[in-house]
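Protein chains in written order, with numbering that gives the first Met the number 0: chain P, 0 to 519; chain D, 0 to 519.
Some clues are possibly wrong.
What the hints assert, rightly or not - Pairwise CB distance ranges (calculated):
(1) ALA457/D x THR491/P: 52 to 60 Å
(2) PRO516/P x ASP257/D: 55 to 63 Å
(3) LYS105/P x LEU316/D: 33 to 41 Å
(4) HIS103/D x ASP315/P: 39 to 47 Å
(5) ARG39/P x PRO403/D: 39 to 47 Å
(6) SER186/D x LYS105/P: 14 to 22 Å
(7) ASP257/D x THR301/P: 55 to 63 Å
(8) PRO283/D x ALA187/P: 52 to 60 Å
(9) GLY168/P x LEU316/D: 52 to 60 Å
(10) THR301/P x LEU102/D: 24 to 32 Å
(11) LEU316/P x LEU102/D: 51 to 59 Å
(12) GLN261/P x GLY178/D: 53 to 61 Å
(13) THR301/P x GLY284/D: 47 to 55 Å
(14) GLN261/D x LYS105/P: 18 to 26 Å
Said to hold, decoys possible - Anything over 10 Å on all C-beta distances counts as not near chain P; from chain D, calculated:
(15) PRO74
(16) GLY148
(17) ARG480
(18) GLU487
If you're looking for bench data, these hints aren't it; they were derived computationally from the structure.
In this text, a Cβ means the ideal position worked out from N, Cα and C, and glycines have one as well.
Number of protein chains: 2
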Amino acid sequence: MPNGAQSLVEGLVDAGVDVCFANPGTSEMHFVAALDDVPRMRGVLCLFEGVATGAADGYGRMTGKPASTLLHLGPGLANGLANLHNACRAGTPVVNVVGDHALHHKRLDAPLESDIGSLARTVSGWTRRTYRATDLAADAAEAVTAAYGPPGSVATLLVPADVSWSEVGKAGQAPVRTGPRPGAVSSAAIEEAAVALRSAEPAALLLGGAAANGRGLRAAARIAAATGARLLCETFPARLERGAGLPPVERLAYRESDAAAQLAGTRLLLLAGATEPVTFFAYPGQNGRIIPDGCEVLSAATGTEDATAALEALADLMKSAVTPIPQAPLRPGPPTGALTAESAAAAIGALLPQDAIVVDEANTSGIWLPAATAGAPPHDWLTLTGGAIGQGLPVAVGAALAEPGRPVLALEADGSAMYTIQALWTMAREQLDVTTVLFDNRRYSILDLELRSVGAAAPGPGATALLDLSRPDLDFVALARGMGVPAERAITAEEFTDLLGRALSEPGPSLVDCAVPPLF
Amino acid sequence: MPNGAQSLVEGLVDAGVDVCFANPGTSEMHFVAALDDVPRMRGVLCLFEGVATGAADGYGRMTGKPASTLLHLGPGLANGLANLHNACRAGTPVVNVVGDHALHHKRLDAPLESDIGSLARTVSGWTRRTYRATDLAADAAEAVTAAYGPPGSVATLLVPADVSWSEVGKAGQAPVRTGPRPGAVSSAAIEEAAVALRSAEPAALLLGGAAANGRGLRAAARIAAATGARLLCETFPARLERGAGLPPVERLAYRESDAAAQLAGTRLLLLAGATEPVTFFAYPGQNGRIIPDGCEVLSAATGTEDATAALEALADLMKSAVTPIPQAPLRPGPPTGALTAESAAAAIGALLPQDAIVVDEANTSGIWLPAATAGAPPHDWLTLTGGAIGQGLPVAVGAALAEPGRPVLALEADGSAMYTIQALWTMAREQLDVTTVLFDNRRYSILDLELRSVGAAAPGPGATALLDLSRPDLDFVALARGMGVPAERAITAEEFTDLLGRALSEPGPSLVDCAVPPLF
């Protein structure tokens, strides 16, 4: 008779969840042991929980189906929360499995006891603690269903150790079939959107979430072609398909003044998978809103509806004879001379392989990347959805596991890299085809900008020290090699182009340290 | 007129909090700028929030007074929670400052919005969000008061960005005097304890929290000498003073069978600063309790009373003529031959400097350390109070900042080190005198043991892969050097002794990678 852990792992696999990003402890040992009984589940060890949760996010963004995590009690979940926050904001399906003390042990307030439920609910659309081994398979299936949504979300299952180790009785519930639900659309919302778009006021479409994937994008491009509406995508999309042959779409700018310029004159903003844009942070004297006064905001689909299907229905209704103009194939030439954020972007644009998955946490060093890669061969672009830095390298791990045939390019800022640098080890262990470009400007450069934006005084030595990543310099070549990832440092544009080309052409992980001056 | 952030920093400094372990973001920029206005506050940059919170724990354990943290919104707090959990379990005073979005920005649900309060309350004895700049100085003082306790705790202050940047009006509250409160004791509890001890049943004293510091220990030794009671300390003390000339005290064992043997025959267990011991984890067929059936449990002080003062009052009441026997100075000789956890412990015992602060997260590789160092010159021993690994290197940072004249020895397991490896960089930047011994057995070795203890089957390849830190091997010498910390690897006992001796004799940080076989 199986124990609860075996039944849980079987239940997950039966529901299609067959990858588990794990950082287990004592209370998860039966789950770990069950991996040998259910070899269809692939366990992937991460050396820090933020790597496990970020990897589950990357996996879910690419496959549209959840991976599982395996985390150890409250502190293990806490370490994984920042990247679950990003997954939550991305609408990624994730089944987040957290071990807990045995039920009878909880009242003893042992050293690792804590309020796991409160932690879990801050990032989860669905949270449950299972109290009987016999319920675990059904609860696993419910977690998977909840994770799929729509909207996709983090579903957290808290599994007490005794529930894992107890035998499942004969009365164990029958497995529940689960999977993505067919998308629902609201005909009324689509009719309303069509009427509004036909009124011919300057309009814009803002895509987000799953609607920024290929299908939604193509439908949105048909709508834009039919109506003259401007096609925009949220600032930090979970997964944007782009490149030569695809409909080009502009991302809304990060800075309020730039975003306001993009939306100037817009009288109608139609949302699909996105919410009304606001500034990322508050600044003195600003109210946080971006859209112009008097601009009407409509949504083609609510959070529980299928925004992609809604766009397709709307595009069909608009019946345009105009064919959208796809992005032309255009690449910058290989750069020469000084290595800067701009010349590095040119090298990346020149070399980006077909079908690449780009994970972008380059932050300030990345501002030239969208333009430099717009006409590269088709690729996916995954961004920092929730603003919790330390997302890039873990998401690259998950994306590479999800799509073993596709090259992954992680564009990573030095400051952000250090939050979850342990991801490099999992890349090496699993021999993932991830090329990391480490933009090494030795600053929290975004904060140089933000310090001015919030109106703080010119920084003196005390403030400056907290934005500075030198004294000592971080040696990312040593850090990568120390975790089994081959690495080299580039200090000219030619060196960078050469090293990047070699890294992309070879299988397995590698890192190119890209020495660039800070922007600000 | 100062802004809120300046008033907050001044309020903290006025209350004696003059070190801030920081990993700031945009919403904390005014606090960062205020460091230049209030130079008495020392800002210490950490590259990951778990380093900042663990450093605050180490600082508080050594000084008895709180340091401040500076964390960025919900995800920044989440990254710091595991070490705040350890601080919470240690009873360490910490003032945990977390920036939040501006109040008017919160309703916009910007990407970084999350439920910070729920996160904070899982680890904090006191949590407050400040709504007016004019309240910040007073709230800072209240946070400091709450952190001191007793019991010492994490006090979390949530500071919206607009509260930081707004001017403090003339009506700004007068600063509140704060500091540690004089300890209260319960005469009734002390009388009751004296009567029970005099009944001459086999008794044991279990010290924990602040009572394991020197004063409590000396008083407890007088009580033990007067009554024949066995002197024990909790398994994972926050700070235990020990070594030649001090009263020797045994730590309660981690494993249930060993701890039960220590307590066998005990009819009275007197707690001081500790709670009734329970097993760290639950195991099938065990009930989690350790004390023998029929053993009476008494407490000399409740959580809000001063356990150290209670012990002193009790010792005075017992009026013993017997002088406690101090620990004799005894050191192992320098080891030769194979480098193992046992020979490494001998080398550490042979070389441990006077007044060292030992931070022990050696886990399985550390089992010979207590015996090997018992007779070393007087030193402090800081342990993993809450079981959330990744505590050792950050606590070493904070302890070294707190006691610049004393050598710090961080005894660290490879698996645990990887959770907060970024601490090495702060050691290098601040040129802290921390010698790290990295017990490098390439396993989560504790889990090899725990997998058997919970009764899971003999591990197959799936389970084994999740306990194994090889494939690829971590190169801690490269990792340390990559963060600016000099490092060498020892593979024989002689090499280890030589490298450790040199590292201890030189100022500034260093790391000795200690290649040992796993125990299990």
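Going down the list of hints, with the structure as the test:
Hint check: ALA457/D to THR491/P, Cβ distance near 55 Å, so the stated range 52 to 60 Å holds. The supplied range of 55 to 63 Å is met by PRO516/P and ASP257/D, whose beta-carbon atoms lie about 58 Å from each other. Taking the beta carbon of each, LYS105/P and LEU316/D are about 38 Å apart, inside 33 to 41 Å as hinted. The supplied range of 39 to 47 Å is met by HIS103/D and ASP315/P, whose beta-carbon atoms lie about 41 Å from each other.
Between ARG39/P and PRO403/D the CB atoms are about 56 Å apart, so this pair departs from the stated range of 39 to 47 Å. Look at SER186/D against LYS105/P: about 35 Å separates their beta carbons, and that is not inside 14 to 22 Å. Under the hint 55 to 63 Å, the C-beta atoms of ASP257/D and THR301/P, about 59 Å apart, fit the expected range. For the pair PRO283/D and ALA187/P, the beta carbons lie near 57 Å from each other, so the given range of 52 to 60 Å is met.
In this structure, GLY168/P and LEU316/D meet the distance hint of 52 to 60 Å, their C-beta atoms being roughly 57 Å apart. Judged by the Cβ atoms, the range 24 to 32 Å given for THR301/P and LEU102/D holds: they are separated by roughly 28 Å. With their beta carbons about 42 Å apart, LEU316/P and LEU102/D fall outside the hinted range of 51 to 59 Å. Against the hinted window of 53 to 61 Å, the Cβ-Cβ separation of GLN261/P and GLY178/D comes to about 54 Å, which satisfies the hint.
One distance hint, 47 to 55 Å for the beta-carbon pair THR301/P and GLY284/D, holds here, with the actual separation near 51 Å. Between GLN261/D and LYS105/P the beta carbon distance is about 25 Å. The supplied range of 18 to 26 Å therefore holds. A cut-off of 10 Å between C-beta atoms contradicts the statement that PRO74/D is not in contact with chain P; the least separation is 3 Å. In this structure GLY148/D is separated from chain P by more than 10 Å, as the shortest Cβ-Cβ distance comes to about 18 Å.
Here ARG480/D does not stay apart from chain P, with its beta-carbon only about 6 Å from theirs, under the 10 Å limit. At roughly 14 Å from the closest C-beta of chain P, the C-beta of GLU487/D stays outside 10 Å, upholding its exclusion from the interface.
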